[in-house]
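Enquirer: Here are the chains, one letter per residue:
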Amino acid sequence: MVDLTIDLNGLQLKNPVMTASGTFGYGEEFMDFFDISRLGGVLVKGTTLEHREGNAYPRMAETPRGMLNAVGLQNKGVRYFAEHIYPRIKDYQTNMLVNVSGSTIEDYVQTAEVVNELDKIPGIELNISCPNVKEGGMAFGTSCPSAMAVVEAVRKVYKKHLMVKLSPNVTNIAEIGAAVEGAGADSISLINTLLGMAIDAKSRRPLLSTVTGGLSGAAVKPVALRMVWQVAQAVKVPVVGMGGIMTATDAIEFMLAGASAIQVGTANFIDPCVTAKIVDGLENYCAEQGVEKITDLVGALEL
Amino acid sequence: MVDLTIDLNGLQLKNPVMTASGTFGYGEEFMDFFDISRLGGVLVKGTTLEHREGNAYPRMAETPRGMLNAVGLQNKGVRYFAEHIYPRIKDYQTNMLVNVSGSTIEDYVQTAEVVNELDKIPGIELNISCPNVKEGGMAFGTSCPSAMAVVEAVRKVYKKHLMVKLSPNVTNIAEIGAAVEGAGADSISLINTLLGMAIDAKSRRPLLSTVTGGLSGAAVKPVALRMVWQVAQAVKVPVVGMGGIMTATDAIEFMLAGASAIQVGTANFIDPCVTAKIVDGLENYCAEQGVEKITDLVGALEL
Amino acid sequence: MKKYIDDFKVVHNERLNHEYVILTLQHPGRLPAMLPGQFVEVRVDNAPHTFLRRPISIHDVDEKTNTMKLLVQEVGEGTRRMGQLQAGDTCNLVYPLGNSFSLPKGKRVLLVGGGCGIAPLLLLGRYLKEQGIAPRFLLGARSKDGLIAMEAFRSLGEVFTTTEDGSEGTKGFVIHHPVMRTDTPEIDQIYTCGPEPMMKVLAKYAAKHGIACQVSLENQMACGFGACLCCVADTRDGHKCTCTDGPVFDSTYLKW
Amino acid sequence: MKKYIDDFKVVHNERLNHEYVILTLQHPGRLPAMLPGQFVEVRVDNAPHTFLRRPISIHDVDEKTNTMKLLVQEVGEGTRRMGQLQAGDTCNLVYPLGNSFSLPKGKRVLLVGGGCGIAPLLLLGRYLKEQGIAPRFLLGARSKDGLIAMEAFRSLGEVFTTTEDGSEGTKGFVIHHPVMRTDTPEIDQIYTCGPEPMMKVLAKYAAKHGIACQVSLENQMACGFGACLCCVADTRDGHKCTCTDGPVFDSTYLKW
Ligand SMILES: Cc1cc2nc3c(=O)[nH]c(=O)nc-3n(C[C@H](O)[C@H](O)[C@H](O)COP(=O)(O)OP(=O)(O)OC[C@H]3O[C@@H](n4cnc5c(N)ncnc54)[C@H](O)[C@@H]3O)c2cc1C
Ligand SMILES: Cc1cc2nc3c(=O)[nH]c(=O)nc-3n(C[C@H](O)[C@H](O)[C@H](O)COP(=O)(O)OP(=O)(O)OC[C@H]3O[C@@H](n4cnc5c(N)ncnc54)[C@H](O)[C@@H]3O)c2cc1C
Ligand SMILES: Cc1cc2nc3c(=O)[nH]c(=O)nc-3n(C[C@H](O)[C@H](O)[C@H](O)COP(=O)(O)O)c2cc1C
Ligand SMILES: Cc1cc2nc3c(=O)[nH]c(=O)nc-3n(C[C@H](O)[C@H](O)[C@H](O)COP(=O)(O)O)c2cc1C
Ligand code: FES
Ligand code: FES
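In the order they appear, the protein sequences are chains A, B, C and D. Terminal number for the first sequence in the numbering used here: 308, no gaps in between. Terminal number for the second sequence in the numbering used here: 308, no gaps in between. Terminal number for the third sequence in the numbering used here: 1406, no gaps in between. Terminal number for the fourth sequence in the numbering used here: 1406, no gaps in between.
To be clear, the hints were calculated from the coordinates, so they are not data collected in a lab. Incorrect hints may appear among the rest.
As the list claims (entries may be wrong) - Computed cross-link-like contacts, DSS-like style, restricted to lysine-lysine with a CA-CA straight-line distance of at most 27 Å:
#1 Lys1152/C - Lys282/A
#2 Lys1390/C - Lys282/A
#3 Lys282/A - Lys207/B
#4 Lys207/B - Lys298/A
#5 Lys95/B - Lys19/A
#6 Lys81/A - Lys1358/C
#7 Lys282/B - Lys1390/D
#8 Lys1159/D - Lys207/B
#9 Lys81/A - Lys1159/C
#10 Lys1153/D - Lys81/B
#11 Lys1153/D - Lys95/B
#12 Lys1159/C - Lys1255/C
#13 Lys207/A - Lys1350/C
#14 Lys207/B - Lys207/A
#15 Lys95/A - Lys19/A
#16 Lys282/B - Lys1350/D
#17 Lys1159/D - Lys81/B
#18 Lys95/B - Lys1390/D
#19 Lys95/A - Lys1358/C
#20 Lys1390/C - Lys95/A
#21 Lys81/A - Lys1405/C
#22 Lys1152/D - Lys95/B
#23 Lys282/A - Lys1405/C
#24 Lys81/A - Lys1153/C
#25 Lys81/B - Lys1321/D
#26 Lys95/A - Lys1153/C
#27 Lys81/B - Lys1152/D
#28 Lys282/B - Lys1405/D
#29 Lys1279/C - Lys1153/C
#30 Lys95/B - Lys207/A
#31 Lys1279/C - Lys1152/C
#32 Lys282/B - Lys207/A
Claimed, not checked - Here are some of the chain D residues that sit facing chain B, going by a computed Cβ distance under 7 Å:
#33 Ile1155
#34 Phe1310
#35 Leu1367
#36 Ala1372
#37 Cys1373
#38 Ala1377
#39 Cys1380
#40 Thr1385
For glycine and all other residues, C-beta sits at the position ideal for the given N, C-alpha and C.
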């Protein structure tokens, strides 16, 4: 038996496989396909203080082995979440983490305060990297001072696990990672989507209502892997890697690069059972390679 | 007859299709496949002041619809180029532009000075964005002051067309574009490769000798298109777009986003005739859409 | 409704013309219940340019043979690959997805389709007939060649046709067909699927004549089952997912 | 040598075992001259995970039928797709690429191959024979199953074999074969292609015995024709491209 458990700076995961925010709904959408209690964790949809309608249609464009989205944090607001959704999902036998977004620091703080009161939510993922909203979002994640400011403010009010999710649209990701660690992050997740664009040559129009959107899927894996490697070397807190993970082999690559856990996003759309398969695949890889504890893989890249 | 000619701030192109540096050798490698005088221009291999052996093997890894390279500017130095290669290629009936790289500003300046003396070379492309060398390269392209410094220094000694090639590995590409324009660039080309990484899960080793390398190919197109769009809006000099162009349709998308000309890189490896097909494809598109001058497409994206 | 993911076996690929095929897919075991208007998400294998699944309506269902039919119009790489599937091949589906057409307001129904939008109307027609409601179809195309799978529709009810070039049926768009061009059309309920401009015209027509109208929308979908929120339509209640709240909407519910 | 890009027609796919096939590809017109040791770059269609072409050695050439043969070992998606090509399919090649084996230093030649590295040795053997030099082959594999295409080699000359498990020929690696285990081996020239460790052992052996040795290298190639500089080998003159300066190198030229 391979030991797949991970201690993510106090947050206990039964295995390193989590689902990425905005790609797994509230988990409910996947219940017909597999038992989500098999997962290490679920990052629920991006949640904001107030209800948000998100961006206008069209919000999605396919790209070479990837996709652009411009959802724009559509959600009913954190109070609706606490009242109506939380009761439905709180007893799932996995870590249900809330992905928190905002336009101002005050937004983030107030949202985190509401989530802090929800007993069965063991942590939040602070999204300082959403490229699809006009205010806030990515802007916070692209400079050290603003990233630190929002993390410090939330840290003051949020008592449980504070994961901070970085934007890849920066010159120096290691610097930002170190900054948010200094500001009190318990773990760091990356990457959010790369800012991209798609055009229909025939109609000469952008394919997204917002012109630019967030790129995800297999295409971004090399960039994500590099950034995870850079951040893992720059910080002491655990790193949660994502970006283009489609298979167990991809997940292992991220762990070798230094990720203690991983998240799977876009792949869920193509195979709703993919995360269960990745859990199995991690176990098989460890068994084949004689790895007894999966933690032995973390950062085990041989240079 | 569609008018495909482009006036790139004084540099006359018979059509907007050029080949990207480092992917087309000195043009000679493609002579067996098609008549390279059909091209608007050829960007020859990255050229430095001194001979460079480049990085150790392995230098290439395939990724989802892309590739990583870590060539590291292998070349025989600009003087060898001037003496031995220039005489062979100087009479090609297309714009032969030299891609100039360096580790210090002085390197860039001296290299540019040598090229300045070569009558049949109508311009250089200043590569301030190579991710595969330890010193200089990308470092110059990732901050405004250093980008400006190198461009200003070269501008003083280089009298012909000065194209500056930007790195995509930055937080704010528009800012860098505006800075190099201010420093005297005649045109701006982008994107160079995105910094990425690949790992072999079985051997637990990086697939490149340099661990990280430059990502190119179809996968990067959405990011490249977005950056071209952003820079085209931020500057007045013409923009030359590249990154993942595989077909004429891709090329048109870049022109709609604001590129006056385009470069094709990785696609040359898969189809050595691809650039000739793109020239044909541009003409067909224009004919079908009733576009008389291809310049009408530049920045013609409808928002 | 419970959703599934399964490998189906292609048992038949009927090519209708240069751009349309009907695939018959067999479930490995017992096909679960599926409703008219629902769709499947097809995984397209061996297609370098097709990253996501492709949504395709359920065209017909045969519980006896545990098969379903998909009517596919080849418009890009994904659908072209589907058109190349051969008997014996495997086709992985996520299904059944979306809501469904609901029972009509009145017995006089008209099912209006254009292009590949006729696909869900066959199963709907079969379903209505089983409920004792005689379906009438109005199918439009650019020209005669575009009027496909006619026998299947005729076996269920009356079929009217229009073609833009007049090569068959009434010349013009569906809205120009005599069945609609009276002051008091004998229609209680319109069901429609096809190009958006067509459906908008029908929605307006229905509103004017006090006819109920259900439209089946297309949209850019990444998942097809409510996980990505990419596929929204603008409704009176704000953004709603075409893949879970739709694809079928009451036309008056949409902000058209 | 002039390089070409052409669609070839697959005229035959001979499956040797679960992992090896021999493809026979026919040129649309007249096949240009090709030398032993050269390779082609195969475009792999319908393969989502295969972005670049795949380099494959020219296994054999038949000028009368304008065909060439490729011996393909299925190791990943690209080669597996090649293994699925069927008579009538099209296969796009860039060819002929690379330098070639050169004439031997002396008449007593030994062609040593392992795995898919045996591929270029057949054409080389044929070429040597035409030059009046009798090729002797030493082919190694893990076990009997890995010794493939033996008849073709036997038709050209003497064939020695080794298997790691001893299921055929001498037990051990190629270096353990009696033909090499004498103090004065009757060999003037070794040609070798196969796993790098094998070739390194042979290079050392050749150096020790004063035998000339040409090795054919593999490398990560993006283009195959000198445009990308990805495929360098470390030589006494610094980095040289395996695809243009190689794939065949004199073993003493390499920094091994
Ligand atoms: C709920 C639903 C049911 C559908 N039912 C059917 C059906 O029964 N039969 C059928 O043939 N088609 C149906 N479609 C449309 C089908 O999904 C698209 O034609 C298909 O996704 C195109 O994929 P492709 O790879 O062939 O083309 P692509 O190469 O992806 O695109 C080719 C062209 O089609 C457009 N396109 C791509 N995807 C969509 C989409 N989801 N909606 C609208 N336009 C698109 C592109 O913009 C492009 O112009 C349905 C779509 C939806 C949302
Ligand atoms: C000059 C040359 C001649 C060759 N001749 C033959 C031949 O005649 N017959 C034959 O079967 N194979 C030959 N090869 C090897 C063949 O190119 C690779 O097996 C093939 O590229 C693998 O592609 P894939 O998509 O099947 O596997 P992938 O999925 O790309 O890789 C599968 C495994 O093979 C390894 N691999 C991939 N590409 C290469 C490469 N270029 N070199 C070494 N390892 C690689 C990968 O690291 C991985 O472990 C030759 C290679 C070269 C450079
Ligand atoms: C449709 C969609 C919606 C997303 N919504 C969110 C979100 O609300 N909050 C967030 O932090 N990330 C969001 N993301 C980013 C993903 O969580 C993830 O960081 C990214 O997609 C990269 O991983 P992948 O390549 O595995 O998809 C979204 C991604 C997609 C594709
Ligand atoms: C093998 C290889 C070598 C390259 N060498 C150089 C170089 O010497 N100088 C340079 O400015 N860019 C170099 N590039 C970057 C390309 O010119 C181009 O900017 C990049 O590949 C994106 O375009 P593409 O996706 O069409 O390949 C190289 C790219 C590749 C793949
Ligand atoms: S397509 Fe994903 S929610 Fe509708
Ligand atoms: S593979 Fe491109 S130079 Fe050799």
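Enquirer: Each hint needs a verdict: does it hold in this structure or not?
Expert: A quick look at each hint next to the structure:
no., hint, verdict
1, Lys1152/C - Lys282/A, "holds (21 Å)"
2, Lys1390/C - Lys282/A, "violated (31 Å)"
3, Lys282/A - Lys207/B, "holds (18 Å)"
4, Lys207/B - Lys298/A, "holds (17 Å)"
5, Lys95/B - Lys19/A, "violated (65 Å)"
6, Lys81/A - Lys1358/C, "violated (35 Å)"
7, Lys282/B - Lys1390/D, "violated (31 Å)"
8, Lys1159/D - Lys207/B, "violated (36 Å)"
9, Lys81/A - Lys1159/C, "violated (41 Å)"
10, Lys1153/D - Lys81/B, "holds (25 Å)"
11, Lys1153/D - Lys95/B, "holds (23 Å)"
12, Lys1159/C - Lys1255/C, "violated (38 Å)"
13, Lys207/A - Lys1350/C, "holds (23 Å)"
14, Lys207/B - Lys207/A, "violated (44 Å)"
15, Lys95/A - Lys19/A, "holds (17 Å)"
16, Lys282/B - Lys1350/D, "violated (44 Å)"
17, Lys1159/D - Lys81/B, "violated (41 Å)"
18, Lys95/B - Lys1390/D, "holds (25 Å)"
19, Lys95/A - Lys1358/C, "violated (48 Å)"
20, Lys1390/C - Lys95/A, "holds (25 Å)"
21, Lys81/A - Lys1405/C, "holds (20 Å)"
22, Lys1152/D - Lys95/B, "holds (22 Å)"
23, Lys282/A - Lys1405/C, "violated (41 Å)"
24, Lys81/A - Lys1153/C, "holds (25 Å)"
25, Lys81/B - Lys1321/D, "violated (48 Å)"
26, Lys95/A - Lys1153/C, "holds (23 Å)"
27, Lys81/B - Lys1152/D, "holds (25 Å)"
28, Lys282/B - Lys1405/D, "violated (41 Å)"
29, Lys1279/C - Lys1153/C, "holds (26 Å)"
30, Lys95/B - Lys207/A, "violated (38 Å)"
31, Lys1279/C - Lys1152/C, "holds (25 Å)"
32, Lys282/B - Lys207/A, "holds (18 Å)"
33, Ile1155, "holds (6 Å)"
34, Phe1310, "violated (32 Å)"
35, Leu1367, "violated (10 Å)"
36, Ala1372, "holds (5 Å)"
37, Cys1373, "holds (4 Å)"
38, Ala1377, "holds (5 Å)"
39, Cys1380, "holds (4 Å)"
40, Thr1385, "violated (11 Å)"
Hint check: violations occur at hints 2, 5, 6, 7, 8, 9, 12, 14, 16, 17, 19, 23, 25, 28, 30, 34, 35 and 40; the rest are consistent with the structure.
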